[in-house]
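Asker: In the order they appear, the protein sequences are chains C and D.
The first sequence begins at 1 in the working numbering and counts up one residue at a time.
The second sequence begins at 1 in the working numbering and counts up one residue at a time.
If you are wondering where the hints come from, they were derived from the structure by calculation, not from laboratory data.
Just so it is clear, CB atoms sit at the ideal spot from N, CA and C, and this is done for glycine as well.
Watch out, some of these pointers could steer you wrong.
Claimed, not checked - To give a feel for the contact side, a few chain D residues facing chain C, derived at Cβ under 10 Å:
#, residue
1, Ala44
2, Ala53
3, Gly69
4, Leu71
5, Leu79
6, Asp115
7, Arg122
8, Thr123
9, Gln148
10, Pro151
11, Thr152
12, Val155
13, Glu162
14, Lys178
15, Ser197
Said to hold, decoys possible - Heads up, simulated DSS-like pairs for lysine-lysine below, C-alpha to C-alpha not over 30 Å straight-line:
#, chain 1, residue 1, chain 2, residue 2
16, D, Lys178, D, Lys214
17, D, Lys47, D, Lys13
18, C, Lys83, D, Lys118
19, C, Lys17, C, Lys340
20, C, Lys83, D, Lys178
21, C, Lys216, C, Lys90
As the list claims (entries may be wrong) - Pulled from the structure, derived: some chain D residues nowhere near chain C, Cβ distances all over 10 Å:
#, residue
22, Lys47
23, Asn116
24, Arg182
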Amino acid sequence: MTSAVEDLEAALGADWKAIRAARAWTAETLTTLREGLASLEDPGYSVVITGSYGRGEATRGSDADWFLLVDGPSNPEHIRVAKEIGRRIKSVVRKETGTTKTFADIVASHDLVHYIAGTRDTNLNLTRRILLLSESTYLTGQLVREKVVRNVLNRYVFFDRSVHAPGDEFVRIPHFLLNDIVRYWRTMASDFASKMWEGDRTGWGIRNIKLRFSRKLLFVGGLLSSFAGELFPSAALGQATTEDDFLTLLADLVCEQTSISPLDQLARVLLNSPVAPELAQQIFSAYEIFLDALSQDDVREKLEHVKFEQAAGDETYHRLRIESRNFRHGINDLFFDPKKGHEVLIKLIRNVGVF
Amino acid sequence: MRPIGFSTGALAKGDFERGLRLQADLPEVRAVELSALRDHELPALAKAAAELALFRFQYVSVHAPSKLGTLGELAIFELLKQLPAAWPIVVHPEILQSPELWRSLGSRLCIENMDNRKTAGRTVPELRRQFEIFPEASFCLDVGHAQQIDPTMAVAILMLLEFGPRLRQLHVSEVGPKGEHRALGAMAKAAYSRLASHVPESCPIIIESVIAVKAIAAEFEAISRVFDQSLVEAHRSFAFG
Chain C
1 MTSAVEDLEA
11 ALGADWKAIR
21 AARAWTAETL
31 TTLREGLASL
41 EDPGYSVVIT
51 GSYGRGEATR
61 GSDADWFLLV
71 DGPSNPEHIR
81 VAKEIGRRIK
91 SVVRKETGTT
101 KTFADIVASH
111 DLVHYIAGTR
121 DTNLNLTRRI
131 LLLSESTYLT
141 GQLVREKVVR
151 NVLNRYVFFD
161 RSVHAPGDEF
171 VRIPHFLLND
181 IVRYWRTMAS
191 DFASKMWEGD
201 RTGWGIRNIK
211 LRFSRKLLFV
221 GGLLSSFAGE
231 LFPSAALGQA
241 TTEDDFLTLL
251 ADLVCEQTSI
261 SPLDQLARVL
271 LNSPVAPELA
281 QQIFSAYEIF
291 LDALSQDDVR
301 EKLEHVKFEQ
311 AAGDETYHRL
321 RIESRNFRHG
331 INDLFFDPKK
341 GHEVLIKLIR
351 NVGVF
Chain D
1 MRPIGFSTGA
11 LAKGDFERGL
21 RLQADLPEVR
31 AVELSALRDH
41 ELPALAKAAA
51 ELALFRFQYV
61 SVHAPSKLGT
71 LGELAIFELL
81 KQLPAAWPIV
91 VHPEILQSPE
101 LWRSLGSRLC
111 IENMDNRKTA
121 GRTVPELRRQ
131 FEIFPEASFC
141 LDVGHAQQID
151 PTMAVAILML
161 LEFGPRLRQL
171 HVSEVGPKGE
181 HRALGAMAKA
191 AYSRLASHVP
201 ESCPIIIESV
211 IAVKAIAAEF
221 EAISRVFDQS
231 LVEAHRSFAF
241 G
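Work the whole structure out from these sequences, hints included.
Answerer: As structure tokens, then:
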């Protein structure tokens, strides 16, 4: 079966080599990683990978943002397992992960499920939770990952109820989830500014370009997942007669979206609507240029080392910055332009996207 | 009233006759599953089947061996086929290695959903594949297995929505992280009660909780209440406060 991105590429007569190459590279590497970790399978945890590997967009220069997601009794042996996992992953993906300790660590499902918003939620917990939902896949323990995703979504969907009077239609937008998706996007943008203020300008150029492309795509994917009840209502959802069943099935529908890459989510929306083909082309062509750039070692190197003060004159950075505007304008038109955009998305973003 | 009773294997591992005797004192028990979960139990069960005093049970099923061990697939199939035709044969997908053989059982073949240690029949898509291979087969919803896969119960509800017309019986117990079947705790009771409205009153329940003899009556009573449709609202107010 072909993916939505492939279908869109064929429908537009486009040739997105870099996207195809990144997907192939991701699939091949994930297979190698899964084989390498198969002997560490355990029903009490899942090795989860996020970032570009989670989105299906990794290139040779990508790092592996992974964590050991423990769902069950705590066991001191987990630390030894985590170290062994790190060693095996490093033997396949050599690039170092970031220094924030967001990844390559043990994560308890308890924190992801119970500390959503409120005073006990932290930047780290928010990051791990939203990345788990928006751009992750399993390296071991596929069902354990899915179980934790379902539990997190249960908090967002099943246990966040509005007043429901007899005869009222069931609410198809999970507002709690939507608010957290929006919060995380704004947090990523704010954290970029925070790092700059703190003087940590190492790799600022590539972080800035990712913010303009892949982080923005992550936000779009999160919005589309939150809107799934309106965009892609399942047959089962229509069968629900009680609010409990409806919310359980809505959470299940959102859960399904968490196994679809953000690019495929976006392509599916573009395929299933009368959105102008030029708009679809604009969005995906810009992303193609972004992935093509990241797949080239010298370009990645330049972005990682370009100095902020010299960025305006740096050809590589400048070219991607200009292209990011095409991407942003395309996304903006999709969500806001009544002539070119997506009718349902425009209605939803106006009704619940901001106020 | 819904027929409810125990799996003989849950009450007396490897001894179906004792498993039957242990529920003899409970007059409300009207269903039973004869367990031959370990394949060495099957020849003895097949031999004794015609002589067993089962008249008090409104519903009788048999659980096929979960693994191929001392007996081969064909030998197991032949022994199961000898059992009374009215007994559904509950199977784990892993033993169905020769589909053409098992397909001949028609709706007597009752496929059970699995826990996370198995590789087939755990989720709706995996189960759907099984029913594509065995289109006439009936369905045993193991509620504990489904909850282990998905504590939110969405998977169980989706299984009931999609495979409801095939539903032959329920397996009920709480399933621990290592797949162990145990008595229902408070959270399992709250979660399972959400299924009550999806399970027809006529659908038998087979209790698989592995419990001490003195706890048999209490477990029977607890599970009867969880699936009592008239108590759904009471359970709900417990769950949501």
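Asker: Under the constraints set out in the numbered hints, which ones does this structure not fulfil?
Answerer: 1, 2, 3, 4, 5 and 23
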